[in-house]
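Undergrad: Chain residues, written in single-letter form:
Number of protein chains: 2
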Amino acid sequence: MAQYKVMIVGASGAVGQELLNVLEEKNFPVGELKLCATSRSAGKEMYFKGQPYVVEETQPASFDGMDIALFAGGEASKEFGPLAAAKGVVVIDNSSHFRLDPQVPLVVPEVNPEDVKLHRGIIANPNCSTIIMVVPLKAIYDAAGVKRVVVSTYQAVSGAGAEGIEELTAHARAALEGRAVTPAKFPYQIAFNLIPHIDVFQEMDYTKEEWKMVKETRKIMHDDSLAITATTVRVPVYRSHSESVNIETERKITAAQARDVLSRFPGVIVEDDPAHKKYPMPLFTSGRDEVFVGRIREDNSVAQGLNLWVVSDQLRKGAATNAVQIAELVVKYGCLGKR
Amino acid sequence: MAQYKVMIVGASGAVGQELLNVLEEKNFPVGELKLCATSRSAGKEMYFKGQPYVVEETQPASFDGMDIALFAGGEASKEFGPLAAAKGVVVIDNSSHFRLDPQVPLVVPEVNPEDVKLHRGIIANPNCSTIIMVVPLKAIYDAAGVKRVVVSTYQAVSGAGAEGIEELTAHARAALEGRAVTPAKFPYQIAFNLIPHIDVFQEMDYTKEEWKMVKETRKIMHDDSLAITATTVRVPVYRSHSESVNIETERKITAAQARDVLSRFPGVIVEDDPAHKKYPMPLFTSGRDEVFVGRIREDNSVAQGLNLWVVSDQLRKGAATNAVQIAELVVKYGCLGKR
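Keeping their order, the protein sequence lines are chains A and B. The numbering of the first sequence is the numbering used here, which starts it at 27 and goes up by one. The numbering of the second sequence is the numbering used here, which starts it at 27 and goes up by one.
Treat the hints with caution; some may be incorrect.
Since copy identity is lost for identical chains, a pair holds within one copy or between any two.
Said to hold, decoys possible - Derived lysine-lysine pairs resembling DSS-like cross-links, with alpha carbons at most 25 Å apart:
| hint | residue 1 | residue 2 |
| --- | --- | --- |
| 1 | 31 | 173 |
| 2 | 304 | 234 |
| 3 | 173 | 278 |
| 4 | 358 | 211 |
| 5 | 364 | 234 |
| 6 | 60 | 278 |
| 7 | 104 | 303 |
| 8 | 70 | 52 |
| 9 | 31 | 303 |
| 10 | 241 | 303 |
| 11 | 173 | 303 |
| 12 | 241 | 31 |
In case anyone wonders, no lab produced these hints; they're calculated from the structure.
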């Protein structure tokens, strides 16, 4: 079996570490591995299949001869992404820089795998909240059509990286001990609070996070007429995003039918047994690769409607797992870069 | 000015304490005050305007000669409510027992104050999540009509009483110290988690809490055609419920117009200045009597739509404040019980 020269750019962060974990767990055919990051993290030791690797500072020359570069996100994507692609490396990018570029495929493997074949060097990994919603949405879309989606999110602090995690702990400790809380990463105290503000505010007073859920979903689903509105909220949960998703379908679908199509859809686990208090919760989905769906209910406030409660680990399926799945498709379709 | 003989039934609980606070803060014309509760709390001392009062066990005779009885909720309402009403006491009841009874007015003073006049001894105080939603909803209803509402809630643990509050603290401490968490009041760990399950499951797999938001809102608004769907979720916040409310209006209303009608509506405070990071958050609305509304945005996913983020202290406006406001209307309209 062929092996590939794989690198992670931004290896030392929360998503970088998960990329490394998922490459190992999925037994991706890694022939050679290179871990890169900013100079601040250079020299750090990380482990892959029991072997230590030293993180190098990302340089233009770092990409020479590599096959696939998984970018964890941030500024490095803008700085090195196009350069890496020009050198014949397939870039799988977790930042938002290229997602809406018409020349860059935006891929969720359960939804639009074939789009991988259209890449010109860069393939974008969607926003975490978008990925988590779009997987079950596609199952319903295929079964009953989708007219309109109203989504409200409950997003974990690890969406803001390792600093977000540390800040929730610091705020919770301070609040429990009656000490003053000093927000740094978040605009306000996040422990025992909710902040309806993720990423920057943009047109019509929607946040960038909210627009991502609208625009990226349309691109992934190849349906510009898909009506979507989103409200995104940070909650005091460490890991796994949750979403209350209301779907107006084109055709009638019962809760039982929805449960059936969802449970047969790849990457989805249905947890929906109210009598036994079974429904997805963020505390119990962390470290998992699937999207968990429960509270599946017909919505009679509209001719054909459905309510879903969707939970998934946003560092896994919402980021690292989806990126490695894209890398698997690149290998499967044989669409590596040309050198 | 006339003074009234007022009693609180269930005085020793979280809502009972707030009822006492609000009676004092609003300077309700209390001529005589009686505090009642179950035998378990009898003998407890509580303060009103600096004077100590001893909690008595609720007995049928407790109601003799009283004018107004504020019931904090629970089983006492079913047991003593009709009896108190038969004795000529106006019962203002915070339980769910009588809310959907066609002979019992269900009142939010900013929305349907005149319904107080129709009482036959019992006036019901709506569910906390319903009250918090229906106040801003009425402002929009009057300005642009309402076709459909999709609401997702983020509900504080104090909605489950003092035990809910203690359990969040206990779970948070245990989780931070790496100790095992033992849920009692909630079905699962609530600290650093979300539980999409409030009250019991009922028809169509909706919870009773979700049905309350549908059925009570229709009754309060006098509009049985109002289409509403709800998903209710417990979040690790001590106090104040938050709601993401999507409204499809009959007529077009801009965000600016919505901001205007909401800011002029009684009981509403608009906090909506994204450029200065101003939006309602549960941590900062506790102890307040108003409903805070922010993140006011037009929703273009439908012909005429609006998104609101609504936060309010569910022990105040969601319970005690609303009940005392009803008592004020009873006095204002002179519709006390007949003896």
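Undergrad: If a hint holds in the structure, say so; if it does not, say that too.
TA: These are the hints, each one checked on the structure:
no.: 1; hint: 31 with 173; in the structure: neither (43 Å within a copy, 57 Å between copies)
no.: 2; hint: 304 with 234; in the structure: between (33 Å within a copy, 17 Å between copies)
no.: 3; hint: 173 with 278; in the structure: both (12 Å within a copy, 20 Å between copies)
no.: 4; hint: 358 with 211; in the structure: neither (40 Å within a copy, 50 Å between copies)
no.: 5; hint: 364 with 234; in the structure: neither (34 Å within a copy, 60 Å between copies)
no.: 6; hint: 60 with 278; in the structure: neither (50 Å within a copy, 56 Å between copies)
no.: 7; hint: 104 with 303; in the structure: neither (45 Å within a copy, 28 Å between copies)
no.: 8; hint: 70 with 52; in the structure: within (24 Å within a copy, 62 Å between copies)
no.: 9; hint: 31 with 303; in the structure: neither (46 Å within a copy, 45 Å between copies)
no.: 10; hint: 241 with 303; in the structure: between (35 Å within a copy, 24 Å between copies)
no.: 11; hint: 173 with 303; in the structure: neither (31 Å within a copy, 33 Å between copies)
no.: 12; hint: 241 with 31; in the structure: neither (33 Å within a copy, 60 Å between copies)
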